[in-house]
Every structure is written in C-alpha cells, then in structure tokens.
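Undergrad: If you want the building blocks of each chain, they are given just below.
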Amino acid sequence: MLKPLGDRVIIERVEEEKTASGIIVPDSAKEKPQQGRVVAVGKGRVADNGSVIALDVKEEDKVVFQKYAGTELKHEGKDYLILREDDILAIIG
Amino acid sequence: MLKPLGDRVIIERVEEEKTASGIIVPDSAKEKPQQGRVVAVGKGRVADNGSVIALDVKEEDKVVFQKYAGTELKHEGKDYLILREDDILAIIG
Amino acid sequence: MLKPLGDRVIIERVEEEKTASGIIVPDSAKEKPQQGRVVAVGKGRVADNGSVIALDVKEEDKVVFQKYAGTELKHEGKDYLILREDDILAIIG
Amino acid sequence: MLKPLGDRVIIERVEEEKTASGIIVPDSAKEKPQQGRVVAVGKGRVADNGSVIALDVKEEDKVVFQKYAGTELKHEGKDYLILREDDILAIIG
Amino acid sequence: MLKPLGDRVIIERVEEEKTASGIIVPDSAKEKPQQGRVVAVGKGRVADNGSVIALDVKEEDKVVFQKYAGTELKHEGKDYLILREDDILAIIG
Amino acid sequence: MLKPLGDRVIIERVEEEKTASGIIVPDSAKEKPQQGRVVAVGKGRVADNGSVIALDVKEEDKVVFQKYAGTELKHEGKDYLILREDDILAIIG
Amino acid sequence: MLKPLGDRVIIERVEEEKTASGIIVPDSAKEKPQQGRVVAVGKGRVADNGSVIALDVKEEDKVVFQKYAGTELKHEGKDYLILREDDILAIIG
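Residue numbers (the UniProt record's numbering), protein chains in the order written: chain A, 1 to 93; chain B, 1 to 93; chain C, 1 to 93; chain D, 1 to 93; chain E, 1 to 93; chain F, 1 to 93; chain G, 1 to 93.
Keep in mind the hints are simulated off the structure, nothing from the lab. Virtual Cβ for every residue (Gly too), placed ideally from N, Cα, C. Among the hints, erroneous ones may be present.
Unchecked claim - Which bits of chain A does chain E cover? Going by a derived footprint, with three or more residues having C-beta under 8 Å, they are: (1) 6 to 14; (2) 40 to 51; (3) 70 to 83.
With the hints as constraints, model all of the structure from the sequences given.
TA: Shown next as structure tokens:
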C-alpha cells in the first residue's frame, strides 16, 4: 500500500471514454485535463500553526486533473500518478 | 456533474454579441477579456488557518474573464472552461 | 452594469489636457502614467483571515494610473479599463 | 493636488549641489541615489489584518532615493516622481 | 551518527526490485521517483511562531522520493541521500 | 546628517589591513565580504502587525558585509554605503 | 572575535578524511556537501512578531554543509566560512 504524504493524492488514470456522459477533452486544447480515480490521499496540508487542513478529495472520487501534473510510478504491477491536490481541477459527481 | 475544487469556477462561454448592451472587446486589445456564464463554483479558498473563504461569484452569474486563463474541458457533450476566481475580472449585473 | 471583483477597479480614460491644471506626462518618460475617472470599484481585497480590506478609491475619483496596467474592455458602447487598485498611483484632489 | 495611494510618496527632485553640505553621488557609482523633497505621502501600507502602517517620511522631508525607482509625472506644470517609500534610502536631517 | 537539521531526512537507497510487490518506475517516465529507507529524521520544520512541526516520516519507513532531490553523502563507508521531507512522495505501508 | 529608513544601515568603509588582527579577504574568493564602521542605523523593520523590530547593529559597530550590497553615496565630502542589515554578515567584537 | 548576525553561522572547514568514520563525498556527486566545525552562531532568526527563533547548531558542533553555500573570509590569519543555518544539512553526532 502507498500512503501519500501531506497534500498529495494517488490517482489511477481512467481512459477517456467517448460516450455522452464521459469527459472528452477537445483535441485542440493546449493543456488537456485528464480523468482518474483517487486511490489514496494524504492527511492534508500542514499549516504554519501546525494544524492540518484535510483534503477535499477522498478515495474512489472520480477527478479531472491537469495533464502534466505529478509523478508517475508503478506499484504491485499497476501504474499510478501521484500529485498535489491543487493539481486536481474538479470532482465528477 | 462537475464540482470544482477550492477557488475554481466552471464557466460556459457566451458568444460575444455586437448589440449595444453586450460586452464588445476591441479588436486591437492585446489581452482580450471574454464573457461567460458560471455553471459551478468551488467551496472557496482555504486559508492558512483552515477557514474557508467563500467565492464572490455564484451559479448563473454572467462574468468577464481573462482570455487565456484556465483549462478547457468537455463534459456530457458541452465545452466548459475551468479557472480560478481570481481570473474573473467582473460580474455583469 | 459591470461590478469588478475583489481589489479591481473600472476606469474610464480621460484625455490628457495640456492646460495648466491638468496632468501632463512628459513625452520622454519610459513608463507614462495616465489619467482616468473611476466608474466602479470591487468590494476590496480579501485577507487571509477572511476579512475584507476596502479600497481607498471610490466612484468618481479622478486617478493617475500606470500606462500598461489592466485589461481593456467595451461595455454598452464605451471603452473601459479594469485594473487592480495597486496599479493606481494617486488620486487627483 | 495629488494624493498618493497606500505606501506611495510624491517627490520633487532637487538638483545635486556640489557644496560641502550637499549629497554628491560619485560619478562611477553603478546605481546612483538621488535627492528630493517630499511633497505628498500616502496613508501608509495596509497590512493583511486591515491595519494601516503609517509612513516614516513626511511632507517637506529631504530624502535620498534610488535613481531608477518610481514613475515620473507632470502636474500643474511641475515635474514630480511618485515612488514607494521602500525606494527611499534615507532622510537628510 | 548523522542528525539531520530541521525538515531534512536521511535516506538509504533501496535497489528497485522487479518483483510484483516492489515499486517499479516505468522507463519512459520523465521524472522517476525512487525508493529508500529512512535512517534519520530532523526535529521538524520551525514555524514563524517558533513552534516545531514534527515530520510525518520516521526511521525505518520505506519511502518513494523524487529522483533528483537532495544531496548525496558518504558516512562510515555507506552512501546516503539527505533531502527535505517535502521531496518524499509517499510511504510504502 | 543622514537618517536611514527602516532596516537600512549607513556604513563607512574601512580599508582592509593586512595585520594579524584584521580581516583579510582571500584574493580568490568569488564573493568577497568587506569591512566597515556603522555610522547610522534605521529604526528597524516594520512587521506586518505594525510593530518595529529593532536592528542588531548599532553605531560604531565594526562589521563585515557582502561586497556588492547596497548603494554608494557621498555626504559632506565623505563616501558612505547604505545597505540593509541583512547584508551585514557579522560584527567584529 | 566575529559575531554572526541573525541566522548566520561561522564554520571552520575540516579536511575530508578518508577513514571509515569520516564523511567521504563521492567524487561523482554534482553538489558535494562538506564538513566543518562551528565556531560562532548568531542569535537566531527574527520572526515577524519580533520573537527570536534560536539556532539548532551550537559552537563546536561538527556539521555537514552544502559546498557552494556562504561567503569565505579570513580573520586573525584563519580561513572561515559564514553561512545561514539552513545551508547546514546535518550535525555529525
């Protein structure tokens, strides 16, 4: 199991589907967001007074994130992306 | 449904109309603002003490925003723009 | 009506008059300030503790501002400039 | 009358005199300070908690300031310089 | 013994194993994270009010960290890496 | 008399002596510190809450400072250097 | 005697020994840390509220520091390095 630190989030990419209900990024966009599923979240950002500001995303959330954000890694045979919560644009409700 | 995170706002672009009451951006402007309708807003910016500072714009507001701000995305067949509230210049009242 | 957000201010440019009482920017200045009339002001800057710091300029103030500051826009047939209060140098009393 | 905003100060340049009591900037200095008389001061810097931190310089002070600081403007036929108080190096007592 | 200062952490690199349970960084990743074992931690980050914010990682934690983070050093014949806790991406639980 | 503003300090350079008790900067150093005598100090840095944090150096202190820091000026026929206290490295006790 | 200001520390370099107990920096490291002995420490960093945050290193500590940090100076015939505490990586216990 991977436990992200601080305000980091681990995401499993979801292939972009071309169905009516999916998110489809237009080909011409310069900075394409991508879609994924949150698999682990850090405890949150530690403020200067020592208090912890919990994250807004939680495990199993479907999210849209900036394309070039974060670092890719492989764990137990699967590909993940680890990024900061601020690189996540929106939750797909 | 797309729920933006933090101080992000989702906007649907509105075509610039050339009527007397519409916003018309002069052609020669280097950095042209654009017009849109707010479709979803985040909960607000989280300050260092953990408190949440709510956004000033709300759903259905008509707004003027910086042209190159934000990230474009398509959801359920429609084009949206997701940007930070600070990239919004003014509300059209 | 345009309602600026936060610490933004909407200004209508005033042509520089060459009378003794007007502000005349020397031709050789690298960074020429310009003169305008405030037509709308935002509610102010939101500090990190959530309090709002009201602006010092108000509607109808005549102001001098940095030449290249802000974004130009046209509304109901008139040209305006929208900029942050910090780009305003002085009020003409 | 020009009323500077925030931590800005309006200065009238004073020609550098080559007398024993004047400030003479050495010709070889890369970044030459200059001398002037304060003609108007802003109310001060607004801190994040909304309090105002008054300026240390006041009208009629003779000051030394950084050469390339600020913006030049002409008002009622006179040339002035408007700069931030932090660009003022010292008061000539 | 080496005692890191502040928010610094000393890590002993662990060779990337190609077993199913290990972390395998894909060859094509631009910015490859790496795996290590924490051997010493600083007392934490000192906040502006003087309080100390303890680190989240502790000795013997297995961690994933950014490839080019930190400074390499040799101590008593062994190679270590000293980096800031913020360069650590996740703990392997 | 020159009264520096804020956290600024006015220094009179002292020639580097090559005696055993003097500070001798090695010729090969890329960034050579220099030696001087403090002739005037500002009231201190004004913190965001309006309180003033007094300086640690005082008049007549002999100090070592960064070579390229500050601005040179001439006053009543003498050469001085005006710099921020943070550019002073150490007091020679 | 040299008394460093604020969060500065004066260090006397210690030659890297190639014994088993010494720190040996690998030749290939891009950014080699170095070893030294602390000879003087400043009173600490002055926080924005005026309180002083004392340093963690003390006189006689053996420390490892970043190679290109700080400024070299000679005092009473000896070579020293003056740097900020944040450039010190670890104390050798």
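Undergrad: Mind checking, does the region 6 to 14 of chain A have 3 or more residues with a CB under 8 Å from chain E?
TA: holds (count 3)
Undergrad: Three residues or more, CB to CB closer than 8 Å: is that satisfied between the region 70 to 83 of chain A and chain E?
TA: Result for this restraint: holds, n = 9.
Undergrad: Count residues of the region 40 to 51 of chain A with a Cβ under 8 Å from any Cβ of chain E, then say if the count reaches three.
TA: holds (count 6)
Every hint from the earlier list agrees with this structure, and none is contradicted.
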